[in-house]
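If you read the protein sequences in the order shown, they are chains H and R.
To convert, take the position in the first sequence, counting from 1, and add 6; that gives my numbering.
To convert, take the position in the second sequence, counting from 1, and add 34; that gives my numbering.
Read the hints as simulated data drawn from the structure, not as lab findings.
Some clues are possibly wrong.
[As the list claims (entries may be wrong)] Quick partial rundown of chain H residues pointing at chain R, CB under 8 Å, derived from the structure:
1. Val11
2. Met31
3. Val32
4. Gly41
5. Trp43
6. Ala77
7. Leu78
8. Pro82
9. Gln164
10. Glu167
11. Thr174
[Said to hold, decoys possible] Negatives, chain H to chain R, calculated, CB over 10 Å:
12. Ala22
13. Arg29
14. Gly35
15. Pro38
16. Val84
17. Lys96
18. Gly98
19. Ile104
20. Met172
21. Pro179
Glycine included, each C-beta is placed from N, C-alpha and C at the ideal position.
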Amino acid sequence: MIKKVIMQGLFLVVLAVVLGVGRNMVAPGGIPWVGDWGKVVVAEAGDTTIAKPASAQPDDPPFITLEQATALHNDPKVIFVDARYAEDYKEGHIPGAILLPFEMFDDYWAGVEPKLPKDHKIVTYCGGSDCEMSLFLARLLRDKGYKDIDIFYGGAEQWREHKMPMDTTAAPPAGA
Amino acid sequence: MTSILRNEWLGLIFRLIVGAVFVYASLDKIMHPEGFANAVHNYKILPTGLINIMALILPWVELLCGAALILGTKVEGASAIIGALLVVFLVAATSTLIRGISIDCGCFTSSAEGRKTGWGLLVQDTILLLFAIHLLNRGPGKWALEPRRM
């Protein structure tokens, strides 16, 4: 019985591998065998390195470098928005950043919206190289009607690595 | 109770239900591997190097096993694989609930408007798992291309 189950199962799996691999080789729209998920893509010529996720689309809001983020951070009219969870925010965030977790957007939005005037520039960020919530949040805010959004994909990770000041005060609870 | 479980028609009904669900679940994913790969990536469970391979092969496993159940051939092997997959799906979906993340489950469609992981999904997968265990134990039942047994 067990042998029969294993033989049948093996047959089905091997056939599935052959069909799956075969289709990907011949069909249009095939995908690479190994995707570069969340890998930091370093673009741009010269020394300006811009980190952006592999899933970034050409019509997404612009990605900015750490240098650009630092410069914008000195401008009091620019609002930084942290797309991570409240726990991550409390562990250390860019000073002045507003907490708006992408995954809990609806819970937080009512409390955050009054603090985000539409005529201000917004910079979204999250954890850095393995986190795409800054991008997703930026898309969401753009759909909400925000015109001037930048994405600092290097995020809290790059900010910390470069010994930039971090704030560890907790955010107000969701909706407040 | 046992007499109901021994009923040969029950095997046929379970085969058709589980088979149809898996065949249906596989089709959109086979057509759109990049969308399904995204769904797998969102779970943040697999090492990134394995995501695309998994996204290419898993839907075919679902299709073949589902078709095998509907036709009533290789039923034991197919229901064992489907049972194992359901356990994996249950663990993955539970982990998203525990981590408090709401993602597209990647169950029936690879598109972003798909259903989210949640309690309903756990219930559905558990019921399918019970059906699969029944088929593994008691064989294909009525109207099988390859009837039981040993």
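For which of the previously enumerated hints does the structure constitute a violation, in increasing order of number? Violated: hints 2, 3, 6, 7, 8, 9, 10, 11, 12, 13, 14 and 15.
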